[in-house]
Amino acid sequence: MARTTPTSQQVRKVGIKAPEGGFEKVLMVLSRYREASIAVVAVVLVIYFQISNPAFLSSQELSVVLRDTARFGMIAVAQVMLMITGEIDLSVGSTFSLAPYVMVLMTISWGVPLAISALAGILLGVLIGLINGLITVRFRVPSLITTVGTLFLLQGVVVSIYNSQPIVAPVQEPFNAIFGENLYSPTDSLWSWHGLTAFSPFLWTVAVVLAMALVLNRTTFGLHTIATGSNIIGAKEIGIRTDRIKIYNFMIAGGLAAAAGVINTVEFASADPLAGGPFLTLQAVAAAVIGGTSLLGGSGTPIGALVGAFVVATLNNGLVMMGAQATVSDIYLGAAIVLAMILNVQVDRMRARRRI
Amino acid sequence: MSSKDIPAIDPRAPIILEMNHISKTFGAVTALVDVSIKLRQGEVLALVGDNGAGKSTLIKILSGFHRPDSGTIIYQGKEVRFYSPREARAHGVETVYQDLALINHLSVYHNMFVGREYHKWILGLKLLDNKKMRDLARAYLDTLGIQIPSVDSLVDLLSGGQRQSVAVARSIYSSPTILVLDEPLAALGVREGAHVLGLIQNLRRQRSVSIILIVHNYNQVFEVCDRINFLHSGEVVLDASTSETSEEQLIRIVKSGLGREAIAAAAAEIGNAM
Ligand SMILES: Nc1ncnc2c1ncn2[C@@H]1O[C@H](COP(=O)(O)OP(=O)(O)OP(=O)(O)O)[C@@H](O)[C@H]1O
Ligand SMILES: [Mg+2]
Numbered sequence: 059m060a061r062t063t064p065t066s067q068q069v070r071k072v073g074i075k076a077p078e079g080g081f082e083k084v085l086m087v088l089s090r091y092r093e094a095s096i097a098v099v100a101v102v103l104v105i106y107f108q109i110s111n112p113a114f115l116s117s118q119e120l121s122v123v124l125r126d127t128a129r130f131g132m133i134a135v136a137q138v139m140l141m142i143t144g145e146i147d148l149s150v151g152s153t154f155s156l157a158p159y160v161m162v163l164m165t166i167s168w169g170v171p172l173a174i175s176a177l178a179g180i181l182l183g184v185l186i187g188l189i190n191g192l193i194t195v196r197f198r199v200p201s202l203i204t205t206v207g208t209l210f211l212l213q214g215v216v217v218s219i220y221n222s223q224p225i226v227a228p229v230q231e232p233f234n235a236i237f238g239e240n241l242y243s244p245t246d247s248l249w250s251w252h253g254l255t256a257f258s259p260f261l262w263t264v265a266v267v268l269a270m271a272l273v274l275n276r277t278t279f280g281l282h283t284i285a286t287g288s289n290i291i292g293a294k295e296i297g298i299r300t301d302r303i304k305i306y307n308f309m310i311a312g313g314l315a316a317a318a319g320v321i322n323t324v325e326f327a328s329a330d331p332l333a334g335g336p337f338l339t340l341q342a343v344a345a346a347v348i349g350g351t352s353l354l355g356g357s358g359t360p361i362g363a364l365v366g367a368f369v370v371a372t373l374n375n376g377l378v379m380m381g382a383q384a385t386v387s388d389i390y391l392g393a394a395i396v397l398a399m400i401l402n403v404q405v406d407r408m409r410a411r412r413r414i
Numbered sequence: 003m004s005s006k007d008i009p010a011i012d013p014r015a016p017i018i019l020e021m022n023h024i025s026k027t028f029g030a031v032t033a034l035v036d037v038s039i040k041l042r043q044g045e046v047l048a049l050v051g052d053n054g055a056g057k058s059t060l061i062k063i064l065s066g067f068h069r070p071d072s073g074t075i076i077y078q079g080k081e082v083r084f085y086s087p088r089e090a091r092a093h094g095v096e097t098v099y100q101d102l103a104l105i106n107h108l109s110v111y112h113n114m115f116v117g118r119e120y121h122k123w124i125l126g127l128k129l130l131d132n133k134k135m136r137d138l139a140r141a142y143l144d145t146l147g148i149q150i151p152s153v154d155s156l157v158d159l160l161s162g163g164q165r166q167s168v169a170v171a172r173s174i175y176s177s178p179t180i181l182v183l184d185e186p187l188a189a190l191g192v193r194e195g196a197h198v199l200g201l202i203q204n205l206r207r208q209r210s211v212s213i214i215l216i217v218h219n220y221n222q223v224f225e226v227c228d229r230i231n232f233l234h235s236g237e238v239v240l241d242a243s244t245s246e247t248s249e250e251q252l253i254r255i256v257k258s259g260l261g262r263e264a265i266a267a268a269a270a271e272i273g274n275a276m
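Going down the list, the sequences are from chains H and L.
Residue numbers 59 to 414, in our numbering, belong to the letters of the first sequence in order.
Residue numbers 3 to 276, in our numbering, belong to the letters of the second sequence in order.
Quick caveat, the hints were computed from the structure, so don't treat them as lab data.
Since the model is a prediction, treat every value here as computed from it, not as a measurement.
Careful: at least some of the hints might be erroneous.
[Claimed, not checked] Cβ-to-Cβ under 8 Å is the rule here; a few derived chain L residues that face chain H:
(1) P16
(2) A30
(3) F67
(4) V82
(5) S86
(6) R91
(7) N106
(8) H107
(9) L129
(10) L130
From the three backbone atoms N, C-alpha and C, an ideal C-beta is built for every residue, glycine too.
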């Protein structure tokens, strides 16, 4: 083609509309560096709490924050994958309670080693995900509805097994040490065994988040997950098995929720039927949303979800430490979610608008 | 670039595709009634017809996106059933859909290769070979003379015409046996349209790929197509060769409203209506 360079540059200008106002520019930067912008928020929060309460960054307090981050983060990252496909799983809070309950019962009643019953618990989570996925995909029920149903159903099941009584979980080493059996105490050296095991839930979550980031950004499965949520008809037209992609992501969500529940039970040496529940689900969704994932499908970030989980955990613990009522932290959390969602949706809309 | 340059299709060229007696309804809507089309090796067949005539539905049955209620597809001499676009693509049937089927949240090069990615193994993990896909996409788009800002940009950010060009490039990249183009010129400017027509003309000259082209512009039909099938209310009402029909004749027939009598008159005039 005999097109000269200046003309083709003109074509480029026409193709991509430059942002207009300052607000649009900010949105544009945010859309490119979503994780970075939420990380800035996290750092500001930490500085704020540290100034208000110098004990905040003590290792002991930090290990509480990181433990909560681990719990929210592992569920949030699975939620991110699902939200990218345009679905959501609200039943994760119940899976979180049910899987470890089953694990502990198996070990207590049948003498199965914890490692094996933990695996069974996680497989149960995967199975729950499969069922959620099949109902959503085959019967075309929106997953918001499907999983509200399974949320209550499974919560009912776990509560009715043993009259909502928590059961004391057996301790088996090295299983408990690997999955985090204590909190960091002031006398611990970070390099001691005790010190390290205090952080192991967080380390597990970091490992899972990194793995999911790799899956999303560097594998065919990740590419097809994005395609499914971005343009489901188009994805089908080019031969992507969108139903399967959705079901697999539901299975991942169920499995990770179960794993998070198992780790939680190991930490507290107790399987509590009310450990998870709807509130945990919503905190995980909040972490995903604050981390930069919108519910519109097609985009999301696992790393952002981890940072989002840290923000949620920091808000929860920081405000409580400052002597605020636990409920006050909910006000901040609620405001953060609404703000994050407005931002996410605006960023997505701006992208859509610039399309010609 | 007129069709005069290219010798007419050899009437003895083997038939690569037959869609026989295809019918399809969507609930109460009848999209196709007993439609049959034939495609020869290397031929460019135009599928024309009013909006809602059923053109897209017919090619989506070929591409495995829809399943026909009845009818058969004979491809390369064998009866086939494509249960998904994936299968059709694996058999060498590539389609540019009317909606382009681009993934807005992915880059141009990922769009080029999504569904047939290149991989590399790193530490036992099967990862995307992004560098290879990026390089191949860039080189291929350059070869075709398709101009876009960068293969790294999201297709979301391209203009309508650039998007269409990327979709066309994606479909011919794998050297398909059958190429189906559903209004590939719709959003293109005069120059870009001529460019894509030129690409089709090149493919036609080589006679290695058989093409089904849906277009609304009769000029373009006569420029690049060997044969025309006219679809009306879910039926093929006219099957004419561009070398034996003139554009004026065709337009007259179309304007006459395509009622039963008009078809009969057209059949008498052209001698080969269905
Ligand atoms: N998925 C669907 N569900 C229901 N009805 C459909 C569907 N797809 C197509 N139709 C209907 O089938 C008929 C044929 O549609 P089709 O898209 O094949 O027409 P077309 O010839 O491609 O038209 P156009 O030139 O406007 O693209 C129309 O009446 C349309 O409304
Ligand atoms: Mg159409």
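* List in ascending order the numbers of the hints, as given earlier, that are violated by the structure. => 1, 2 and 4
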